[in-house]
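J.: Based on the provided sequences and hints, a complete structural model is requested.
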Amino acid sequence: MSDTTTPAPMTDEHLTDADLAMLDFERQWWKYSGAKETAIRERFGLTSTRYYARLNWIIDQADALVHDPLVVRRLRRLREARARQRSARRLGFT
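Residue numbering for the sequence shown follows the numbering used here, starting at 1 and increasing by one per position.
Please keep in mind that the hints were generated in silico from the structure rather than gathered at the bench. Incorrect hints may appear among the rest.
[Claimed, not checked] DEER-style ranges, computed between Cβ atoms:
# : residue 1 : residue 2 : range
1 : A21       : F93       : 30 to 40 Å
2 : R90       : P69       : 24 to 34 Å
3 : T16       : E80       : 34 to 44 Å
4 : R27       : A81       : 36 to 46 Å
5 : H14       : S87       : 29 to 39 Å
6 : S87       : D17       : 31 to 41 Å
7 : R76       : H14       : 13 to 23 Å
The model shown is predicted, which means the values in this text are computed figures rather than measured ones. Each residue gets a CB set at the ideal place from its N, CA and C atoms; glycine is no exception.
T.: Next up, the structure:
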């Protein structure tokens with residue numbers, strides 16, 4: 001009988017320095033002059049769409065909550081509020 005056990009898949013990946021920098025940026029982006037989208041492009045080299053997709057993944061990670069609980073909770077609340085607004089519009093409640 002051979003040992004063919006495979007490790008269990010990780011549910012959370014560790015955040016990279018770039019991921020942590022994105023959380024730090026979200027904490028203080030208003031300090032930068034100009035539009036947020038421009039600052040995102042200059043600082044991270046990402047389009048807004050890719051930045052926000054990654055940010056949404058980041059705020060679901062346990063490491064992010066440990067790194068900056070206030071920012072992560074605020075971003076989660078904003079995301080949930082936007083999802084509720086979208087649902088209400090689709091259902092015709094607006």
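J.: Taking the CB of R27 and the CB of A81, does the distance hold inside 36 to 46 Å?
T.: Since the Cβ atoms of R27 and A81 sit about 19 Å apart, the hinted range of 36 to 46 Å is violated.
J.: So does H14 sit 29 to 39 Å from S87, Cβ to Cβ?
T.: Distance hint for H14, S87 holds at roughly 33 Å.
J.: Has the hinted range 24 to 34 Å been met by the Cβ atoms of R90 and P69?
T.: holds, 32 Å
J.: Is 30 to 40 Å a correct range for the gap between the Cβ atoms of A21 and F93?
T.: holds, 38 Å
J.: Starting from the hint 34 to 44 Å, judge whether the C-beta atoms of T16 and E80 obey it.
T.: Between T16 and E80, where Cβ atoms are some 25 Å apart, the hint is violated.
J.: Has the hinted range 13 to 23 Å been met by the Cβ atoms of R76 and H14?
T.: holds, 20 Å
J.: Range first: 31 to 41 Å. Now tell me if the beta carbons of S87 and D17 are that far apart.
T.: holds, 36 Å
Hints 3 and 4 from the list above are not met by this structure, while the remaining hints are.
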